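S.K.: Use these hints to put chain U onto chain C, whose structure you have.
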Amino acid sequence: MKQQKNNRLWFWLFLAPAFLSFIIVVIIPFFMGIYYSLTDWTAVAGIKPNFVGFENYKEMFSDMAFRYSFIRTFLFTFLSVLSINFMALLFAFLVTKDIKGKNFFRAGFFIPNLIGGLVLGYIWQFIFKSVVPQLGGLLGIPALEELLLLADPTLALIGLIVAFTWQYAGYIMMIYVAALLNVPQELLEAAEIDGANVWQKFRSITFPMIAQAFTITSFLTLVNSFKQYDIIIALTKGGPSTMFNDEIVNSTEMLAVHIYNVAFKYNDMAQGQARAIIFFLILSVISVGQVYFNKKREVEM
Amino acid sequence: MTSKRKYVTIGLTLLTLILFIFTMFPFFIVVINSAKSSFEIITDPISFPERWGQILDNMSEIWNSESVRYSSSVVSSVVITTLSLATISIFSAMAAWVLVRTKSKLSTFIFLFFLSGLIIPFQVVMFPLVSLFRNINEIFDIKMLRTYHGMILAYIGFGAPLAVFMFHGFIKSIPKELEEAATIDGCSKPQIFFLIIMPILKPIFVTIIILNAIWIWNDFLLPQLILGVGNDIQTIPLAIANFAGSFVKKWDLIMTAVLMAAIPIIIGFLLLQKHIIKGMVAGSIK
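Top to bottom, those sequences are chains C and U.
Heads up: the first sequence at position 63 corresponds to 62 in numbering that gives the first Met the number 0, and the numbers run straight through without jumps.
Heads up: the second sequence at position 97 corresponds to 96 in numbering that gives the first Met the number 0, and the numbers run straight through without jumps.
So that you can see chain C by itself, here it is in the shape it has in the complex (with noise of 0.2 Å):
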């Protein structure tokens, strides 16, 4: 009996760092937030939020500047996983062959993502704005000497997704090596007696084999691209500005930054916090349809 009283009181005691540290910071903040986005919150202190239902979720909806918002980080999102996924794709494919110094390449490609987004952001703004003009210049190419990148809304986009390609190919490439190099060689080798092509044996065999792998890596940059904020804010701060139903938006303002700007620079938490309710929303059906797609790939294999 007491032997039992003495290991629950041991299990609490255990648990109780962890446990109440992530109520405070996450659960109890995660409620509060529901609750404020169905109210008038201001965040000012002793000015008690009055109930509004769901006013502030009606007003999201007809808000341009959220539409746009939406519009652009999906599209952001698509192009992202495109492009990290080719170039990781590629990266792995080249370094897990016969090449020489293999292993040299890998922790190259891999550097970038240990740079956080936010100093990686500022590098990129440099690049886009005097060094590339510049090669231009050397290169004569006017296109090029002449390339506002970061002032065009559609280029400004591109840009983005080069900086954070450039940042998250490098991991991606390593999930995609660890799934390749479980490839059987051997089972390669009698494909090629049997007279198969490359595009046979990346069809039949390798593709199968990393097949796994994507599932993984394609929702990592999914989620990934969806939440991107470091890199946005040092790369173009959300603009440069541009027309959309006859209303000034933000060209690069995703979600994430959207949100916080909505927030502290528009200065209205209650509908910032709206909006971050419906991110979590979206997040969350992702999030879900990863699992499902999973274990529904787990039975058929």
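The hints are simulated quantities; they were obtained by calculation from the structure and are not laboratory data.
Just so it is clear, the structure is predicted and the values come from calculations on it, not from any experiment.
Some hints could be false.
Pairs of lysine-lysine residues, derived as DSS-like cross-links and limited to a Cα-Cα distance of at most 30 Å, are as follows [to be verified]:
hint: 1; chain 1: U; residue 1: Lys142; chain 2: C; residue 2: Lys295
hint: 2; chain 1: U; residue 1: Lys102; chain 2: C; residue 2: Lys4
hint: 3; chain 1: C; residue 1: Lys101; chain 2: U; residue 2: Lys3
hint: 4; chain 1: U; residue 1: Lys249; chain 2: C; residue 2: Lys99
hint: 5; chain 1: U; residue 1: Lys277; chain 2: C; residue 2: Lys101
hint: 6; chain 1: C; residue 1: Lys295; chain 2: U; residue 2: Lys249
hint: 7; chain 1: U; residue 1: Lys248; chain 2: C; residue 2: Lys264
hint: 8; chain 1: C; residue 1: Lys101; chain 2: U; residue 2: Lys171
hint: 9; chain 1: U; residue 1: Lys171; chain 2: C; residue 2: Lys4
hint: 10; chain 1: C; residue 1: Lys99; chain 2: U; residue 2: Lys277
hint: 11; chain 1: U; residue 1: Lys3; chain 2: C; residue 2: Lys99
hint: 12; chain 1: C; residue 1: Lys96; chain 2: U; residue 2: Lys102
hint: 13; chain 1: U; residue 1: Lys171; chain 2: U; residue 2: Lys3
hint: 14; chain 1: U; residue 1: Lys3; chain 2: U; residue 2: Lys104
hint: 15; chain 1: C; residue 1: Lys101; chain 2: U; residue 2: Lys273
hint: 16; chain 1: C; residue 1: Lys128; chain 2: C; residue 2: Lys4
hint: 17; chain 1: U; residue 1: Lys102; chain 2: C; residue 2: Lys226
hint: 18; chain 1: U; residue 1: Lys249; chain 2: C; residue 2: Lys236
hint: 19; chain 1: U; residue 1: Lys142; chain 2: C; residue 2: Lys47
M.R.: Chain U alone, transformed into the frame defined by chain C:
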């Protein structure tokens, strides 16, 4: 090797080399421009600098600048990162251990509760968190915003779910007999944990510390909210953001600051390369 194969290999090596040069290009730009004066960087950002010694002048200007306060931000970053890593890993291991070893509905529920934290994005809790920290200050008179302990508590809260999840998976594979024998020998629970379990958990500690170190060292949004602007305590990314935003684009100094921020990470990577790659891949797949 047939000669056709040989050409293919040479071609692939060349392609890899070209991609490698492109990948390294931004680093090259940072290094050469850290050694330029403010005039030189505007007129020619792609040539080698006239005088490499300029790099030291730039570094000391950043290091000693009253407005950037780079040296103090290095101290703050080191304090925040090391204390957060220690607390996240130890507290999570403790929690995961009792959750695995206690078979009850409650412990399963608490474990699932931790897992729910994995899908909650930072954006949805950040505004209420700041507000909650402000309330704690008003009600209990404990200052949470703009302090080290507030910052570290936030990192424990956000870092715990993944760490608990990873420790949980690992501890399940440790045979229980070891602990039962120790209990019979008269070891107390803390003794069992710190003397027997912790050493076994070493590889997973390494993984968790690496994953969290890269996150915390580079993190920007969370410190921006908790520590704020113009605080005595500021991390390196905050220092760089404040300075790169406030200066009228003194690119020579921004590049130097960027270089100074990147050097410790790259040295760390070169020293711990195997562990880092293994740890980060493991963290993604789990």
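S.K.: If you draw a straight line from the CA of Lys277 of chain U to the CA of Lys101 of chain C, is it 30 Å or shorter?
M.R.: holds (16 Å)
S.K.: Run the distance test for Lys142 of chain U versus Lys295 of chain C: straight-line Cα separation, threshold 30 Å.
M.R.: Given pair Lys142 of chain U, Lys295 of chain C is violated - Cα atoms ~49 Å apart, limit 30 Å.
S.K.: Tell me if the straight-line CA distance from Lys96 of chain C to Lys102 of chain U falls inside 30 Å.
M.R.: violated (48 Å)
S.K.: Taking only the CA atoms, is the gap from Lys248 of chain U to Lys264 of chain C under or equal to 30 Å?
M.R.: At roughly 22 Å apart (the allowed maximum being 30 Å), Lys264 of chain C and Lys248 of chain U satisfy the hint.
S.K.: Is the straight-line distance between the alpha-carbon of Lys3 of chain U and that of Lys99 of chain C 30 Å or less?
M.R.: holds (17 Å)
S.K.: Decide if the proposed pair is consistent with the structure: Lys128 of chain C and Lys4 of chain C, CA atoms, cutoff 30 Å inclusive.
M.R.: Violated - the C-alpha atoms of Lys4 of chain C and Lys128 of chain C are around 67 Å apart, more than 30 Å.
S.K.: Going straight from one Cα to the other, do Lys102 of chain U and Lys4 of chain C come out at no more than 30 Å?
M.R.: holds (15 Å)
S.K.: Under the criterion that the straight-line Cα-Cα distance not exceed 30 Å, is the pair Lys101 of chain C, Lys273 of chain U satisfied?
M.R.: holds (14 Å)
S.K.: Is the hinted pair Lys249 of chain U and Lys236 of chain C satisfied, with a Cα-Cα distance of at most 30 Å?
M.R.: Holds. Lys249 of chain U to Lys236 of chain C sits at ~18 Å (cutoff 30 Å).
S.K.: Does the alpha-carbon distance linking Lys3 of chain U and Lys104 of chain U stay inside the 30 Å limit?
M.R.: violated (64 Å)
S.K.: Within 30 Å, alpha carbon to alpha carbon, are Lys171 of chain U and Lys3 of chain U?
M.R.: Distance of about 52 Å is beyond 30 Å: violated.
S.K.: Are the Cα positions of Lys99 of chain C and Lys277 of chain U separated by 30 Å at most?
M.R.: With Cα atoms ~22 Å apart, Lys99 of chain C and Lys277 of chain U stay inside 30 Å; holds.
Against the hints set out earlier in the document, violations occur for numbers 1, 4, 6, 8, 12, 13, 14, 16, 17.
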